[in-house]
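Protein chains in written order, with our numbering: chain A, 1 to 275; chain B, 1 to 260; chain C, 1 to 578.
Worth double-checking, as some hints may not be accurate.
Stated by the list, open to error - Computed list of lysine-lysine pairs in DSSO-like fashion (alpha-carbon distance at most 27 Å, straight line):
id, chain 1, residue 1, chain 2, residue 2
1, C, Lys141, A, Lys214
2, B, Lys256, B, Lys12
3, C, Lys380, B, Lys12
4, B, Lys256, A, Lys155
5, B, Lys256, A, Lys214
6, B, Lys115, B, Lys254
7, A, Lys190, C, Lys442
8, C, Lys413, C, Lys457
9, C, Lys457, C, Lys442
10, C, Lys9, B, Lys8
11, C, Lys442, C, Lys350
12, A, Lys190, C, Lys457
13, C, Lys400, C, Lys380
14, B, Lys12, A, Lys214
15, A, Lys214, A, Lys155
16, C, Lys457, A, Lys214
17, C, Lys457, C, Lys368
FYI, nobody ran anything at the bench for these hints, they're computed from the structure.
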Amino acid sequence: MTTTYVTRTDKPSFFGRLDVRVKLLILFLASTLIFVWQNVFYLGATLGVLLLLVVNAKIDLGLIKRLFTLMIPFLGIVFFVQGFFNPYGVTPLFTVPQWVPLIGGDLALKWEGVVYAGLIGLRLFIPLIAFPLVVMTTDVNDLVVGLVRLRIPFKIAFIFSVALRFVPLIFSEINSIMDAQRLRGLALEKMSFFRRIPVFASLLVPLIIGSLMKAQTLDVALQSKAFSGSYERTFYNENAMRLKPVDVALIILGLLIFFGSIITRIWLGWGSFVA
Amino acid sequence: MTEPIGEKRETKDVGGVAIGGTPVAYVAIMAAIVAALAFVPASIVVGGMGQGWPLHDAIHPLVGLILGPIAGPIASGIGILVGNAVAPHTNIGPWSPLMGMMSAFAVGMVVQRRKYYWLVPWIITVVAHVIYYPAVRSFDPDISFGLWLSNVFTVTIALILIAIPQVRNWAVRTIHEETIGLSMAVALFVVFFFGSTAGVQLMWIPSWFAAPWPADVWPVLIPIIALERTVFSVVGTLVGLGVIRALRRSSFVKPKLAGY
Amino acid sequence: MTEEIIVIKDLSYRYERSEEMALREINLRVKRGEFLAVMGPTGAGKTTLCLTLNGIVPHFYGGDFYGSVEVCGLDSVEHHTYELAQRVGMVFEDPETQLTAPTVANEVAFPLENVCVPAAEMHERVAHALETVRLAGLDEKHPHQLSGGQKQRLAIAAALALRPSVMVLDEPTSQLDPVGTDEVFSVVRDLNRELGMTIVLVSHASEEVAEYADRVILLSKGEIAEAQTPQRFFQGVELLTKHELRPPDVTSAFALLQPNGAGGITEYPVTLDDAVRCCRSLKPSLRYRDVAHQDGERKDGAKTVLQTRDLHYTYPDGTEALRGVTLDVGAGEYVAIVGQNGGGKSTLVKHFLHLLTATEGEVRVRGKNVNQYEVSDLAKHIGFISQNPDNQIFSDTVEKEVSFALKQLKYSKEEIEARVTDALRQMRLEWAIERHPLSLSKGDRSRIVVAAILAMKPEILIFDEPTTGQDYAGSRAILELTQELHEAGKTIIVITHHLYLLPGYAERLLVMGKGKLLLDTDLRSGFYATEKLNESFLTAPQIVQLAKMIQEEAPVRLRPLTAREFTDAVTIKQEALP
Chain A
1 MTTTYVTRTD KPSFFGRLDV RVKLLILFLA STLIFVWQNV FYLGATLGVL LLLVVNAKID
61 LGLIKRLFTL MIPFLGIVFF VQGFFNPYGV TPLFTVPQWV PLIGGDLALK WEGVVYAGLI
121 GLRLFIPLIA FPLVVMTTDV NDLVVGLVRL RIPFKIAFIF SVALRFVPLI FSEINSIMDA
181 QRLRGLALEK MSFFRRIPVF ASLLVPLIIG SLMKAQTLDV ALQSKAFSGS YERTFYNENA
241 MRLKPVDVAL IILGLLIFFG SIITRIWLGW GSFVA
Chain B
1 MTEPIGEKRE TKDVGGVAIG GTPVAYVAIM AAIVAALAFV PASIVVGGMG QGWPLHDAIH
61 PLVGLILGPI AGPIASGIGI LVGNAVAPHT NIGPWSPLMG MMSAFAVGMV VQRRKYYWLV
121 PWIITVVAHV IYYPAVRSFD PDISFGLWLS NVFTVTIALI LIAIPQVRNW AVRTIHEETI
181 GLSMAVALFV VFFFGSTAGV QLMWIPSWFA APWPADVWPV LIPIIALERT VFSVVGTLVG
241 LGVIRALRRS SFVKPKLAGY
Chain C
1 MTEEIIVIKD LSYRYERSEE MALREINLRV KRGEFLAVMG PTGAGKTTLC LTLNGIVPHF
61 YGGDFYGSVE VCGLDSVEHH TYELAQRVGM VFEDPETQLT APTVANEVAF PLENVCVPAA
121 EMHERVAHAL ETVRLAGLDE KHPHQLSGGQ KQRLAIAAAL ALRPSVMVLD EPTSQLDPVG
181 TDEVFSVVRD LNRELGMTIV LVSHASEEVA EYADRVILLS KGEIAEAQTP QRFFQGVELL
241 TKHELRPPDV TSAFALLQPN GAGGITEYPV TLDDAVRCCR SLKPSLRYRD VAHQDGERKD
301 GAKTVLQTRD LHYTYPDGTE ALRGVTLDVG AGEYVAIVGQ NGGGKSTLVK HFLHLLTATE
361 GEVRVRGKNV NQYEVSDLAK HIGFISQNPD NQIFSDTVEK EVSFALKQLK YSKEEIEARV
421 TDALRQMRLE WAIERHPLSL SKGDRSRIVV AAILAMKPEI LIFDEPTTGQ DYAGSRAILE
481 LTQELHEAGK TIIVITHHLY LLPGYAERLL VMGKGKLLLD TDLRSGFYAT EKLNESFLTA
541 PQIVQLAKMI QEEAPVRLRP LTAREFTDAV TIKQEALP
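Chain A extracted, bound-state conformation (with noise of 0.2 Å):
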């Protein structure tokens, strides 16, 4: 189950060296435009230009198919559901046949039902895509370095580095606990659901318990190196924190596309839903 799917890509590109602040601001047009836009051909090419930063920040492309191949039996459900009873539905493509019982010529597959169904998986899709394209292509001191220039207080931007640094090793911890599991004849491969339960609280109440109390030599050794979580403090990587032009550009489009969007969609209608 352990399978790390994400690790830094370190090969150059140009969205690799975007300003933090940038991507950000990606990630956060991704996570929004979904809502605003009710178009697959919107979100169909809101998925394109993410998909070209994909490629041109050279992350493994395996990712993104093992990602959708993984989302074909939700896909699939979301097809049949809206295809079926979308309330948009106007014009059937399929009928289910008199002869099946209960459902038999009353049931029928629309195409609006079938597009809206493509805009929940573009929905889907784009975020999520984005989220690992953003932090797989950053440094996390430049993280912490973007979140604090963004006015988000340094005891956050710090957390945010500690328990992305944090994950592999409680990773190690589940796995260990687990083994341990396995060699006193656990078998959760061969338990029922509701048997399992109480199996998930005997991981992770070890693995809390322990890790609570790491985190308090932890805590212990943060204050040794004097830290105080105040805002006053100096940065190692300074040139972390300068925009450049092209950044800035980025930055005014990303803006304009926004704002712009949601202007568009109320008083123009662009990006309603069609089918």
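Following the hints, complete the assembly by docking chains B and C onto the known chain A.
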């Protein structure tokens, strides 16, 4: 035992570098646990969209209990964001932090033993609850009041349960008591169930606007939602019991706003 | 300069929710430039004492604080940890929980950022600190990619960047292998001797303390029981034994050799160099014997229970952890596997448990290919005890913990009860049956894990670094336990890098390095195959080194492993004494 000979000293501010009364390192490590648990797809379904429902859903109420109503939501929120990045297969949407943060906040507030603190998450949840009805009808007018209610009654029950002063006060008192037994389990379940449903209710709103379900499939969701919240609250309770039992016996420096 | 940099007066301290005093009426003065070592058994208050020096006790932990601690003229209660931390650098035991930054350079810069050092100056200081601990050039590496010794040196560099006057190191080497330990000690020595930095070092490593410290204090139950120069301190073999400390091997040997200070030597040597010098000056009166030592015999013809043939294992990230290991372990053997961290020891044993599956080659358990077993089946035959007991305890009473496996394996209620009682009796833990595991000491928690494993009645037991992070008494207790189990007929495998603990217990020695089996022989020959040990960056115990040096100068064959055996082989001719 004899008193030692040195002069006894007063220490002013105890607790180190804190956020909402909780040491920063605790918040970070809890966030890391939440993020790591994002790798484990746990649920049977689909409370929102997304393919796998992350296992950390079960522990947000506990995070609120241990870290308090400020640090708890921060740990949950950051943990979920980091989880979305490192385990995209359980990313249930960009609004996913809302759920964990609300769960942790709700529990953190309820267990504070202040008279009106519980009202804050309660009112937020009631508002989300009520808004949800016109929201779902704007997509599919076939969703009747009855259908809506049958679907969200899990949340309604939690809202009513926690609003009854006797139930709430008993639960909060029991959680603070020494003895860790069946009544503590019930008390934890009551509070966690509220936290868990408050979180999911808040998340339903953005989630609905991105991926709504048509009226025809709502009946199927009724038992699923109820079962899902109950099971997650039970897991949370079992973990909570074990964690409280262990923490109370350890040298762990307790966060100021912790509720155990 | 003889200025006093640390002045502790009548210090007593009690943790919150605790009834016992953690520290009791401590009075201590440390001079600028002094190297002070703090020794004592687990729970004596060593860490607490360290934490008073930068005010974490009492600022973070609360509790009751009596008396005063003054560091560089600052009272620790009046001043914040933030201020004190700029004067007192601290390095802790576990490298994982003190490194937080994504790169080596950022790790060192972190404390400087905290105190608002301008960026330009910061780069200079970071570079300098890294150079001092010999990590220059690794700036951009991720701390995860460093070895244990490098991680601890990085922690030292981070503390160093603030230019503190005092460096406090709390068991900095107890999680490290011998190479890492050497690296850290040599850096600490340079800080003290070349930069004149005041050092406070908590350590169980008697040999190193004897070599580097100016003064040793012994803490016992929160009180200072002794404060001496190492030379005098380690003479008190009786006091040390009483407090469960281990004197350096050579000191023990000389104490046994001439218990009354006869032979013209008034003090026992405490370092290897001293001991060699001592031997030289005593040379005319020393007599040697080639003793046939009584070693446990390897049971030939015993049934082979564990077997590997040309075993290869490559981790998913491409690391080749095992590169062709062929090995047979017979029933009832006691095998020690030693070697540098990353040498493949743990990877090897995990194959027997089927926690890892061979990339190439074959693994057999009791004659059957390991792939034909389920992990839960294997668990009935092989018990595996890993280093951290807390990752192996999942229940909230000792009873539930010990019966955990039995319930999984669906034994009857009576059977479970009988086995639990049995296992607890064997571990002498009957009294704890109702207790919460976390309310017990770390040593007892390790015993619970062993009890839980024994309840399954496995015939093979594998201990993975059971002595790491344990004090001497704890380590001995665990090895005694393995001995008992061995005598009861179990096959025992112990992974360790504490070679000096093995004599008297292990019979067979496997030395692993870089994924290969470098040596497979009996313990005694193994310890004297020093080149092979060095190849895996291990150092033979002091006694072995001493015996080898004597042999270089005298035509004898000496094979002692312990101080006791040394005195069997080497004696002082009585009439030659003045």
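Taking the earlier hints as the rules, which of them does this structure contradict? 3, 7, 16
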